[in-house]
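Protein chains: 4
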Amino acid sequence: MHFASDNSGPVHPKVMAAISAANDGYAMPYGADALMDTVRAQMRALFEAPEAAVYLVATGTAANSLALATLAEPYQTVFCSPVAHIHEDECNAPEFYTGGAKLTLVGDSAKMTPAALTAAIEVEESRGVHGPQRGPVSVTNVTERGTVYTPGEVKALADVAKGYGLAVHLDGARFANAIVATGATPAEMTWKAGVDVVSFGGTKNGLMGVEAVVMFDPKHAWEFELRRKRGAHLFSKHRYLSAQMLAYLDDGLWLEMARAANAANARLVAGLNGVEGVRFLHEPQANMGFAGWSRAGHQRLHDAGAQYYVWEGQLDGADPDAELTARLVCDWSTSAEDIDRFVDLVRG
Amino acid sequence: MHFASDNSGPVHPKVMAAISAANDGYAMPYGADALMDTVRAQMRALFEAPEAAVYLVATGTAANSLALATLAEPYQTVFCSPVAHIHEDECNAPEFYTGGAKLTLVGDSAKMTPAALTAAIEVEESRGVHGPQRGPVSVTNVTERGTVYTPGEVKALADVAKGYGLAVHLDGARFANAIVATGATPAEMTWKAGVDVVSFGGTKNGLMGVEAVVMFDPKHAWEFELRRKRGAHLFSKHRYLSAQMLAYLDDGLWLEMARAANAANARLVAGLNGVEGVRFLHEPQANMGFAGWSRAGHQRLHDAGAQYYVWEGQLDGADPDAELTARLVCDWSTSAEDIDRFVDLVRG
Amino acid sequence: MHFASDNSGPVHPKVMAAISAANDGYAMPYGADALMDTVRAQMRALFEAPEAAVYLVATGTAANSLALATLAEPYQTVFCSPVAHIHEDECNAPEFYTGGAKLTLVGDSAKMTPAALTAAIEVEESRGVHGPQRGPVSVTNVTERGTVYTPGEVKALADVAKGYGLAVHLDGARFANAIVATGATPAEMTWKAGVDVVSFGGTKNGLMGVEAVVMFDPKHAWEFELRRKRGAHLFSKHRYLSAQMLAYLDDGLWLEMARAANAANARLVAGLNGVEGVRFLHEPQANMGFAGWSRAGHQRLHDAGAQYYVWEGQLDGADPDAELTARLVCDWSTSAEDIDRFVDLVRG
Amino acid sequence: MHFASDNSGPVHPKVMAAISAANDGYAMPYGADALMDTVRAQMRALFEAPEAAVYLVATGTAANSLALATLAEPYQTVFCSPVAHIHEDECNAPEFYTGGAKLTLVGDSAKMTPAALTAAIEVEESRGVHGPQRGPVSVTNVTERGTVYTPGEVKALADVAKGYGLAVHLDGARFANAIVATGATPAEMTWKAGVDVVSFGGTKNGLMGVEAVVMFDPKHAWEFELRRKRGAHLFSKHRYLSAQMLAYLDDGLWLEMARAANAANARLVAGLNGVEGVRFLHEPQANMGFAGWSRAGHQRLHDAGAQYYVWEGQLDGADPDAELTARLVCDWSTSAEDIDRFVDLVRG
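Line by line, the protein sequences give chains X, D, A and F. Under my numbering, the residues of the first sequence are numbered 2 to 349, in order. Under my numbering, the residues of the second sequence are numbered 2 to 349, in order. Under my numbering, the residues of the third sequence are numbered 2 to 349, in order. Under my numbering, the residues of the fourth sequence are numbered 2 to 349, in order.
Chain X extracted, bound-state conformation (with noise of 0.2 Å):
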């Protein structure tokens, strides 16, 4: 019963299979090799975006925080969501990689809106040399909450950017259940929505350790390219990251892992809503959900060796009937079994 996070399954095994199958003698390196000219073909042909420029990386942090640097100046403040993983979960490596530019934090929940937004980028209007200046606007889909932006939600978060003239970018670590939640294609959910650059997640949907960047305009394609060495983040091996993400690409398997998550999500969420005394907090639409119940069934869970996070509220205290709000993700691995005997237990 694993719902600590989606970062912690397994490799699927088709992927697996198609990085042994490229252990095959010598390949070229630094992303010279032949299969990453097909995974930047791939690539072009499901964003619907032929100019694109397409790259990967090991790390969500290294995708986010190389796909900021390419926007933001040093001088500049990325507009995100207060819960963003670019603010609370990469211990500054925004920061570090921007060269020292500064989050402004927008509104107060996981979804930002297009008011939140414009109050937001209005504050830093007045000051001139004085204050940062206007940067990027950061939107991450699926959110820290487990909430979906549609591709109409995300273009007007775009509309209000491009009225600034700024840049936008897409944090997609779960960008393939957003996707599969929301039916819309790639391209619909970027650049057709204003996104300009996307993280394209992969890690924590059935793959080692790889992540995207796609750049719709790829004039920051060469400098990308620099940051990421200056980084430390450009693999000589890289045959083994192409690899994976064409598996990924193949036969849609990142939807059907995504499909698989996001369908586990949604047993487990119709399980706990026939428990009395469970209450979601956020509607969990994708494969991520924060439900609170109380102390005694979360002990019975850990009694059991159930694994996930309590978000709110500490496991071990007195009062039986406290109510802890615990955060529970699910993987394209997550078995029917594990969230039939999650529910069980936490209904006692």
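Quick caveat, the hints were computed from the structure, so don't treat them as lab data. These figures come from a predicted structure and were not determined experimentally. For glycine and all other residues, C-beta sits at the position ideal for the given N, C-alpha and C. Some clues are possibly wrong.
[Claimed, not checked] In silico DSS-like pairs for lysine-lysine, Cα to Cα no more than 30 Å straight-line:
1. F:220 <-> X:220
2. X:163 <-> X:193
3. F:220 <-> F:163
4. A:220 <-> D:220
5. F:163 <-> X:220
6. A:15 <-> F:15
7. D:156 <-> D:193
8. A:163 <-> D:220
9. A:163 <-> A:193
10. A:193 <-> A:220
11. X:220 <-> X:156
12. D:15 <-> X:15
13. D:156 <-> D:220
14. A:220 <-> D:163
15. F:220 <-> X:163
[To be verified] Covered stretches of chain D (in silico footprint by chain F; criterion: 3 or more residues with CB under 8 Å from a CB of chain F, positions within the stretch not fixed):
16. 81 to 93
17. 131 to 142
Assemble chains D, A and F onto chain X, guided by the hints.
Quick look at chains D, A and F alone, frame taken from chain X:
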């Protein structure tokens, strides 16, 4: 006939098997996997350093830059060879990770001498607050020219550094090849010789992409973890790094592969030395050599599909007798057949 | 009628005289001038801190950024008010000088409370290596809204910081005005209240351009010197900075000027409070106030050449009764005539 | 007898008078003062560059570092002499301000040659994404060894740079002395020779602490303003910088002072050349020279209170005949009496 680099060869089958074996269910992320506990214990045993801090990253540039960032302040300078990888081949990553420290180039060859190091350190002496301050010394072994420091030579440099209170870093991207070439133990080559932190390479020696950073004094351990995360080099699915390194250390596979690479290089050197007109620039002591011969010979190799870097000179030129220098690198998988065929083609 | 800022008024004649007096022949450069020895001794006496390290720079942003750079690691976050100068008015200089540290905004007003500070620090608790680490707390006194912390209030914040092992910086761009407003001694307002480093302002209070950084524990003194030089803030002709600061401290000129500024502000506040329809947003406790009145009143002032910032609202608009907020700042040279004339114009 | 540096002499009385004259009532802060408008106009006229962007900062290191930060990307390298101030005397400020760019040392003397520059640029050629990329060329005139580039020599270097598409920066900390020495116009020494940005020094030539940065193509003007603010080098009471620079330009005071300094140096050189056993290391073409003579001669000067740097060798030593090298610098205020007395003491 691939002699371009030891970073373009295949992963050893035992390593691939270990990665596959690790792909079983869930595992704690971010280095908390059980495999990493074993890696840490084995690495400490290997280095006879029970207190050492041990971390894994995926690229050699990350290992070097993060190690230097914990040793150098931004107002200091790092002493290294003018052909050091950290100077020539990391696109300013050390400057980036240290927050802007300088690199001072010592002497004029790949192997630093105590006299040249002393002179370089002394130059930074008299400027007080105006000049960069003296920072760590970084030694590369195997050097970028295929030569090897003995433990005594490393110690002589470290003694100079210690005399000025400076820390010592060892870039061991080809550490295994240096160990095999000298017969030294890992401890003799590092902390017993005065090295504080070593980048213990794996990628160039049969791994997919893993390097260890071993800090003999763990005082900077937590700082290293923070800098690794901030540099976007902390892997969520860390178990696959651990598995590679574990396979590498098990049963001395790391030495077995380095022995094979060094032996291949020796066969290549012996063969080429038997060809009239071939001249080695540096003594090829490990798995890499630099040798010159006529353009006509290079052309024959080129036509036969041999891959290697022409280090000095240009293949396309008029004079067939002009000498061009090649960099030739062997890895664990280089075959005797390829070597012999290569030598035959040089001979013409 | 100049109420735009205390950074646009003239230099006090005694300070100008001291600069001229210092212009005699040669003097040792880079802070080795004899005048600086006296500054250091006087500053230590003033703060009752015989061990303190004392340095001069030319801008408040330099004082703050360099002080924070010695206190914060790049993977940490600095706690400050959302309207702190270091956040709003330094164009990311703290991020630049710290190498990319973050700023965490505490509460929602210019004066931080211990409760809000505790809450902000606690938020940074549970993310381990993923989140930014807790760094120093920066307190601004006089605040950016013209309110003043008592020494007890500073101590209450510092007690929270110390409880978490965090250092405390005090941005005292208007330190003199806070001292005059509270009647505290410099020691009571700083190290006796738990402050580790203070930016001791002079430029806004009658100097040409000098701020002192006083570090009560000199452990970071040499690091500060190196960071100052590296930041290009070490003056060769340093004697002219020393001369200003010496004149400032001599015979309590610094307090005399702050008393004049605070008194001018009090006269202005009293006058405006006597005008119907004028409303102060914050209690103006030192030399700065924020007050609202009708657009018609602002228009009269504008036509008469009065200079100040309209903080909220726009002068050009249709409704003469609409309330616009002004920021009004007095300095040592503000005349009673100008104040009374200003009040008369508001009254209409 | 002060020959230690041109940064330790007094401010010219006309400059002091201008500062005092500027101290009248209120003035717009942050470079919006009316004096700055005149400075800008005069500087553009002086350089025959009506479009040039003109900014003032207080230190030479700030001028150089900010100029380079607008010209160099963090993944590039700056080409300069191995004894350039930006390399030896700025404690890594250029690395700091550029975000971690490297400095590549050209040749082995203070004056770069086109051949050495070409060779250095070519070295950075073949590494693709791995090596630092080619960045701007920085030329120092007067050099750090007291020699002077003619406009033709500057142009020859700039032609090399332009051939590679690289920008050219001129560190003119002693620009006035170079102009006087060569008889060139400011335009001939800069943009007509291919210089893009010049650090136009004032501090070493009779100002209190002001340098101008003149950018002949204003495309980076706003970026410069933001980087200046972020570097904490934007002065609120900017009028006092403007006043100094205005006095400097008025009636050619800047040239008058440089003429005096160069003439003093010529007298000193002539005097010392008349002393047996004195040897100049470089041709002293402006206001600085490096000369060697016996320790006994140095001892006599030391006992008489002469101030200068012993550049090579140590005053305290056994052999009275050992030759020690002195660096001798004259400024506008150096008196003939001091020079003659100095020469007499060397003569013994």
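Hint check:
1. Between residue 220 (chain F) and residue 220 (chain X), the direct Cα distance comes to roughly 19 Å. Compliance with the 30 Å bound is thereby established for this hinted pair.
2. For the given pair, residue 163 (chain X) sits about 13 Å from residue 193 (chain X) by alpha-carbon distance, which is consistent with the 30 Å threshold.
3. For the suggested pair residue 220 (chain F) and residue 163 (chain F), the alpha carbons sit about 18 Å apart, so the restraint of at most 30 Å is met.
4. Of the supplied pair hints, the one linking residue 220 (chain A) and residue 220 (chain D) holds, its CA atoms being roughly 19 Å apart against a limit of 30 Å.
5. Of the supplied pair hints, the one linking residue 163 (chain F) and residue 220 (chain X) holds, its CA atoms being roughly 23 Å apart against a limit of 30 Å.
6. For a cut-off of 30 Å, the pair hint linking residue 15 (chain A) to residue 15 (chain F) stands: about 20 Å separates their Cα positions.
7. Restraint check for residue 156 (chain D) and residue 193 (chain D): satisfied, since their Cα atoms lie roughly 8 Å apart, inside the 30 Å limit.
8. As the CA atoms of residue 163 (chain A) and residue 220 (chain D) are separated by approximately 23 Å, the hinted pair is consistent with the 30 Å bound.
9. About 13 Å separates the Cα atoms of residue 163 (chain A) and residue 193 (chain A), which keeps this hinted pair within 30 Å; it holds.
10. Among the hinted pairs, residue 193 (chain A) with residue 220 (chain A) is consistent with the structure: their alpha-carbon atoms are about 18 Å apart, no more than 30 Å.
11. The suggested pairing of residue 220 (chain X) with residue 156 (chain X) holds, with an alpha-carbon distance near 22 Å, which does not exceed 30 Å.
12. A threshold of 30 Å between alpha carbons decides the hint, and for residue 15 (chain D) with residue 15 (chain X) the separation of about 20 Å falls inside it, so the pair holds.
13. For the suggested pair residue 156 (chain D) and residue 220 (chain D), the alpha carbons sit about 22 Å apart, so the restraint of at most 30 Å is met.
14. Between the alpha carbons of residue 220 (chain A) and residue 163 (chain D) the distance comes to roughly 23 Å, so the proposed pair stays at or under 30 Å and holds.
15. For the proposed pair residue 220 (chain F) and residue 163 (chain X), the alpha carbon gap of about 23 Å is at most 30 Å, so the pair holds.
16. Note: the segment 81 to 93 of chain D has 5 residues with beta-carbon separation from chain F under 8 Å; the three-residue rule is met and the coverage holds.
17. Using a Cβ-Cβ cut-off of 8 Å, 4 residues of the segment 131 to 142 of chain D lie near chain F, which meets the minimum of three, so the contact claim holds.
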